[in-house]
Amino acid sequence: MRPEVKDYLYEQYHFKLRLGFTAFAVIGLFVLLAFRFFYLQIAQYAHYQTLAENNRISLVPIVANRGLIIDKNGVVLAHNFFVYTLEITPSKVKDLEATITGLSQFVEIGALDRKRFNKFRAQSRNFESLPIRTHLNELEAAKFAVNHYRFPGVEIKSRLFRHYPLGKLGSHMVGYIGRINDNDLVGLEKSDQLSNYKGSDHIGKSGLEQFYETYLHGTTGFQQVEIDADGHAVRVLSSTSPTPGDNLILSADSKMQEIAETAFGNRRGALVAINPKTGEVLSFVSMPTFDANLFVDGIDVDNWKSLNDSLDKPLINRPLRGIYPPGSTFKPFVALAGLENGKRTPPFSIQDSGFFTLPNSTHHYRDWKPGGHGMVDIQRAITISCDTFFYGLAMELGIEKLAAFVSHFGFGRLSGLDIKGESAGLLPTPDWKQRRFKQPWYQGETVITGIGQGYTLVTPMQLAQATAILANNGVAMKPHLVSKIEKAITGQPLVIAPLIQDKIAINAENLEIVKRGMVNVTLPGGTAASIGANAPYSIAAKTGTAQVVGIRQNEKYNASSIDERHRDHALFIAYAPAENPTIALAVIVENGGHGGSAAGPIARKVMDYYLLGKVPEVEAAGADKKPSVSTARNNAPSPEELHD
Amino acid sequence: MISKLLKPLGKHIDSFLMTCLLLTMLVGLFVLYSASGQSFERLYAQCINIIVALGFMWGAANIGPTKLERIALPLYVIGVLLLIAVALFGSISHGARRWLNLGVMQIQPSEIMRIAMPMMLAFYFSKRESKPVLADFAIGGLLLVVPVMLIMKQPDLGTALLVAASGFYILFLAGLSWKWLVGGIVLFAASTPILWPLLHDYQRRRIEILLDPTQDPLGAGYHTIQAIIALGSGGIAGKGWLNGTQAQLDFLPERTTDFIFAVFGEEFGLLGILLLLLLFSLIIMRGLVIASQAQSTFSRLLAGSITLTFFTYVFVNMGMVSGILPVVGVPLPLVSYGGTSMVTILLSFGILMSIHTHKNLVAN
Numbered sequence: 001m002r003p004e005v006k007d008y009l010y011e012q013y014h015f016k017l018r019l020g021f022t023a024f025a026v027i028g029l030f031v032l033l034a035f036r037f038f039y040l041q042i043a044q045y046a047h048y049q050t051l052a053e054n055n056r057i058s059l060v061p062i063v064a065n066r067g068l069i070i071d072k073n074g075v076v077l078a079h080n081f082f083v084y085t086l087e088i089t090p091s092k093v094k095d096l097e098a099t100i101t102g103l104s105q106f107v108e109i110g111a112l113d114r115k116r117f118n119k120f121r122a123q124s125r126n127f128e129s130l131p132i133r134t135h136l137n138e139l140e141a142a143k144f145a146v147n148h149y150r151f152p153g154v155e156i157k158s159r160l161f162r163h164y165p166l167g168k169l170g171s172h173m174v175g176y177i178g179r180i181n182d183n184d185l186v187g188l189e190k191s192d193q194l195s196n197y198k199g200s201d202h203i204g205k206s207g208l209e210q211f212y213e214t215y216l217h218g219t220t221g222f223q224q225v226e227i228d229a230d231g232h233a234v235r236v237l238s239s240t241s242p243t244p245g246d247n248l249i250l251s252a253d254s255k256m257q258e259i260a261e262t263a264f265g266n267r268r269g270a271l272v273a274i275n276p277k278t279g280e281v282l283s284f285v286s287m288p289t290f291d292a293n294l295f296v297d298g299i300d301v302d303n304w305k306s307l308n309d310s311l312d313k314p315l316i317n318r319p320l321r322g323i324y325p326p327g328s329t330f331k332p333f334v335a336l337a338g339l340e341n342g343k344r345t346p347p348f349s350i351q352d353s354g355f356f357t358l359p360n361s362t363h364h365y366r367d368w369k370p371g372g373h374g375m376v377d378i379q380r381a382i383t384i385s386c387d388t389f390f391y392g393l394a395m396e397l398g399i400e401k402l403a404a405f406v407s408h409f410g411f412g413r414l415s416g417l418d419i420k421g422e423s424a425g426l427l428p429t430p431d432w433k434q435r436r437f438k439q440p441w442y443q444g445e446t447v448i449t450g451i452g453q454g455y456t457l458v459t460p461m462q463l464a465q466a467t468a469i470l471a472n473n474g475v476a477m478k479p480h481l482v483s484k485i486e487k488a489i490t491g492q493p494l495v496i497a498p499l500i501q502d503k504i505a506i507n508a509e510n511l512e513i514v515k516r517g518m519v520n521v522t523l524p525g526g527t528a529a530s531i532g533a534n535a536p537y538s539i540a541a542k543t544g545t546a547q548v549v550g551i552r553q554n555e556k557y558n559a560s561s562i563d564e565r566h567r568d569h570a571l572f573i574a575y576a577p578a579e580n581p582t583i584a585l586a587v588i589v590e591n592g593g594h595g596g597s598a599a600g601p602i603a604r605k606v607m608d609y610y611l612l613g614k615v616p617e618v619e620a621a622g623a624d625k626k627p628s629v630s631t632a633r634n635n636a637p638s639p640e641e642l643h644d
Numbered sequence: 001m002i003s004k005l006l007k008p009l010g011k012h013i014d015s016f017l018m019t020c021l022l023l024t025m026l027v028g029l030f031v032l033y034s035a036s037g038q039s040f041e042r043l044y045a046q047c048i049n050i051i052v053a054l055g056f057m058w059g060a061a062n063i064g065p066t067k068l069e070r071i072a073l074p075l076y077v078i079g080v081l082l083l084i085a086v087a088l089f090g091s092i093s094h095g096a097r098r099w100l101n102l103g104v105m106q107i108q109p110s111e112i113m114r115i116a117m118p119m120m121l122a123f124y125f126s127k128r129e130s131k132p133v134l135a136d137f138a139i140g141g142l143l144l145v146v147p148v149m150l151i152m153k154q155p156d157l158g159t160a161l162l163v164a165a166s167g168f169y170i171l172f173l174a175g176l177s178w179k180w181l182v183g184g185i186v187l188f189a190a191s192t193p194i195l196w197p198l199l200h201d202y203q204r205r206r207i208e209i210l211l212d213p214t215q216d217p218l219g220a221g222y223h224t225i226q227a228i229i230a231l232g233s234g235g236i237a238g239k240g241w242l243n244g245t246q247a248q249l250d251f252l253p254e255r256t257t258d259f260i261f262a263v264f265g266e267e268f269g270l271l272g273i274l275l276l277l278l279l280f281s282l283i284i285m286r287g288l289v290i291a292s293q294a295q296s297t298f299s300r301l302l303a304g305s306i307t308l309t310f311f312t313y314v315f316v317n318m319g320m321v322s323g324i325l326p327v328v329g330v331p332l333p334l335v336s337y338g339g340t341s342m343v344t345i346l347l348s349f350g351i352l353m354s355i356h357t358h359k360n361l362v363a364n
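Residue numbers (this note's numbering), protein chains in the order written: chain A, 1 to 644; chain B, 1 to 364.
Keep in mind that the hints were calculated from the coordinates and are not lab data. Please note that the accuracy of each hint is not assured.
As the list claims (entries may be wrong) - No farther apart than 25 Å at their CA atoms in a straight line, the calculated lysine-lysine pairs in the DSS-like style are these:
no., chain 1, residue 1, chain 2, residue 2
1, A, K92, A, K119
2, A, K190, A, K420
3, A, K198, A, K157
4, A, K115, A, K255
5, A, K168, A, K420
6, A, K16, B, K153
7, A, K487, B, K127
8, B, K11, A, K190
9, A, K16, B, K179
10, B, K359, B, K11
11, A, K343, A, K420
12, B, K359, A, K16
13, A, K168, A, K305
14, A, K92, A, K205
15, A, K614, A, K255
Claimed, not checked - Stretches of chain B that chain A covers, calculated by requiring three or more beta carbons in the stretch to come under 8 Å of a beta carbon on chain A:
no., segment
16, 50 to 60
17, 78 to 86
18, 230 to 236
19, 340 to 348
Even glycine gets a Cβ: it sits at the ideal position worked out from N, Cα and C.
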């Protein structure tokens, strides 16, 4: 068929026909809309007017019970209970000041309550109901109820409150919840969770409460309520029950936590204990701690100041965010790096005369022992913590090979623990220094890296994880605090299975040399002999001391003559039983002095409890006095132990 | 003197259309002031949007339709390439990949498509020597479907819908036979079970909640329920400007953008709504008149599509706010807050004016 030639007149006619049709369609659809508006605004006007007037209470969200946090023995670390709160909806109140003054005749309202109320007001919308007083007792609640009619817009509500029964114990681990702020709202909106938080005032802010928020929160239910003109509920039209949040079961033991925290006394520091075979974290201690209950209800200014301004920095999560030079606890990993790279294989030994010098330099890198240790092989170098040996080893190995090897043990990277805000520490390389300081790497810096000084920084968590990896023969398990997540109603558990993060190929003989050296540390002649004394199980360990301030070439470090906060940090890593380890740990006592004497005894108490079920005597005697600052020691330390 | 200066400036501006547009935008500014909680900042920002958009409109009105015809194909090709670029390297915000970062600025290529699509299809059909046959509509359909799919994938259902509508109107006005039209609708209805799984979770949810908003009264259905309460409680005369309780007490979500019509309906009532509908009707009727008087196939089809797409904006927005259509994220044209949609809309009206005022110069 021959294609038809365009007939412009016909085409125009046809086009106008179609256009005319669309014009009718437009009018028709607009009329349809107008009918819809007529229906809504005239026919259903009364209905929607009522709804609009009572809008704020026509749908009542029912907040789900937040999941519990329970230790491995069933001890509750976080739970909820109901309290009466007196709440004001500012948009329903004509004269707020007069109302609050009126209320204070029946219920005590302090300056702090008012301050907090004003803070909430500034952060929230006008029609939200805000607490002016919490924790009303029965008498106050009754007094107000009788006079309720005088205070429109004021209600008594029964609210679920979060409570941490053990208070200060393990507060960095458990964390706390706090009122939802604008930042949280943005996060909730992004994760499409906003509707689930209608009616929720709180959200996890730190620790496990924050990390497992989605599990703990549960699903909000709601009630559709018919209301009368005064805004009182007449009857429930429909209701959907909330689903309570899941319970968290930890691998930590609150008794062990208590023993560790008590052992620290009022010293600052951190302890992390891990089961090297599973990655379960057995203890997570950050000292000093704080009472998490202070935060739940919005912390008041005075408490906040005293916590935030304290020189002890109790709010810092030390195991995750505290970064320290590893000191001599770094040596076993350096030794392994040397052995694996074919340097220093026994019977290689050095004659240590107390210092090390680089070729073409006069600078003395001093050993802690003036005069030196004599003949030292690699195993003995670990046992007696010979600095000179490791200076030379590090130099010969070179910083790149050293860093590459030890990074397998988790240094310089996040451990992946189930708490947010972890610091990655620092494993320095020449590349890093060039980027950071625009300076080349000096060989002297390699030398001191060999003994864990210089730029290297670790968190207690990393140190514990590295020890666990060593104890588990190079198999790195992903660390986690929560061992099970349990459905609140059915009790159906979701078990967090052990997960292998990494497997380091290490020659068994080399591993044995290092491990043997570490076992000897706690035997007579080692730097922590007193820690191993009378232990019915064998302990592999390494002591460490990290300089806080530099000491000049010819100066002598004298602990008693310098300010307490400038004293060295004491470090201690250990695992036990050495032949089949079930616990690996790292302890840091800030400004504690020497690792063996300050940090070691804490580790021993924790291991004694974990392996033998032994509770330290001070507590067993039931004495509730504050633990003494100095740690009890069974044996007098040998001179060897006062250094490392 | 001044009028003499203004005369060449306003040579290509259609005064009737311009008056209706300005009136509608003025109403919009009043509603915006109320909806934003009496924020002068918002008002000021919207005024800037309007001024910029008017500049674009003036520019478009002064470009002749023949020039537009020449850039139709390149604009379309660029638009499709940019959409592909978005799918590959676009930046994600709020779970959707819509923006393309060009270093100096971010652009949303799907907005270009709103203009490029009707221009391209109008261009295609104007180049057919013979009466368009089924093969032409098939090619036209392909030109339509590819960018629409790309936009749907981002996902941006609202824009995809409007781009699809603008292209569909061209096919319809170019004479797509009723047989195929009805057949296509039946085919689409039959294919919903296949398309359903292709939609995003949130899009499916929106349709489910449209059918029954009570399903999720705290979440997605909240928008619709609150908007309907706002509208219904407005009554005949409304609660008065700045007095809408739903709007002022923060119950209405997105009340300066997609849901601004609910604020309007609450504060100005049914009478206000009917007046606004009248304004929109005048704009649309004027557009249809311009289309019917246009002299070339290209300008005729383009003018018709622009006008009907504008109608689609209005209808879909009002329909979604009053709960008879799904919430797809389409703003109320000339009223909702936002610079991009203001520019696209006024630009398209500029094209309409250009078509109307240049017609004596076009040789048929």
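Numbers of unmet hints, in rising order: 4, 6, 7, 8, 11, 14, 16, 17 and 19
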